[in-house]
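> Chain residues, written in single-letter form:
There are 2 protein chains.
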Amino acid sequence: GDITAGKAKAGMCAGCHGSNGKAMIPTYPNLAGQNQQYLVSALKAYKSKKRNGGQAVVMQGMAGALSEVDIDNLAAYFASIK
Amino acid sequence: GDITAGKAKAGMCAGCHGSNGKAMIPTYPNLAGQNQQYLVSALKAYKSKKRNGGQAVVMQGMAGALSEVDIDNLAAYFASIK
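Here the protein sequences line up with chains U and F, keeping their order.
Our numbering puts the first residue of the first sequence at 155, with every later residue one more than the last.
Our numbering puts the first residue of the second sequence at 155, with every later residue one more than the last.
With the rest of the complex left out, here is chain U (with noise of 0.2 Å):
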């Protein structure tokens, strides 16, 4: 993925994940120096809306939004943040 598209995109996440991947609220995960396939895994199973429970109807509205490229750039950007 492409950091600096990822750092573009990442601006709808930080009102939640905050502007440096830690998460403003306790309920929602940090997301700096996440795993980058991990971060990938999950936000395919929000946007196929296999992921539910807790706030995953918000994050599944979220990743809808995304395209792939989309996911794998800001998957990248967030597993870089140290």
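These aren't lab readings, by the way, just hints derived from the structure by calculation.
Hints may be right or wrong, so weigh each one.
Because identical chains share one entry, a pair is satisfied inside a single copy or across any pair of copies.
Said to hold, decoys possible - Here are the computed lysine-lysine pairs in the BS3-like style, where the Cα-Cα straight-line distance is at most 27 Å:
hint, residue 1, residue 2
1, LYS176, LYS201
2, LYS203, LYS236
3, LYS236, LYS176
4, LYS161, LYS176
The structure presented is a predicted model; accordingly, all values stated were derived computationally and were not measured.
With the hints as your guide, set chain F onto chain U.
This is chain F only, laid out in the frame that chain U set:
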């Protein structure tokens, strides 16, 4: 949750998530320093089989064996790892 009890219970998690909460395998998430309430929510979603997709079926088996107290203790433990 009780961090010490969580650490004892976490032996079964180390194989994939690492003994220090840094996953061995890139498709699995790092858990070290993750938000405690998020971890509880995720474990419950696996236990209730609401979370599917990717490797979720593996975690459903793991979480299925956990009590509410185990879940709280494990979440406290992984959240406490710096």
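> Tell me, please, which holds for LYS176 and LYS201 at an alpha-carbon limit of 27 Å: within, between, both or neither?
both (22 Å within a copy, 26 Å between copies)
> At most 27 Å between C-alpha atoms: does LYS203 with LYS236 qualify within a copy, between copies, both, or neither?
neither (30 Å within a copy, 32 Å between copies)
> One pair to classify: LYS236 and LYS176, alpha carbons no more than 27 Å apart. Within, between, both, or neither?
both (11 Å within a copy, 14 Å between copies)
> At most 27 Å between C-alpha atoms: does LYS161 with LYS176 qualify within a copy, between copies, both, or neither?
both (14 Å within a copy, 23 Å between copies)
In terms of the numbered hints stated before, the structure departs from hint 2 and from no other.
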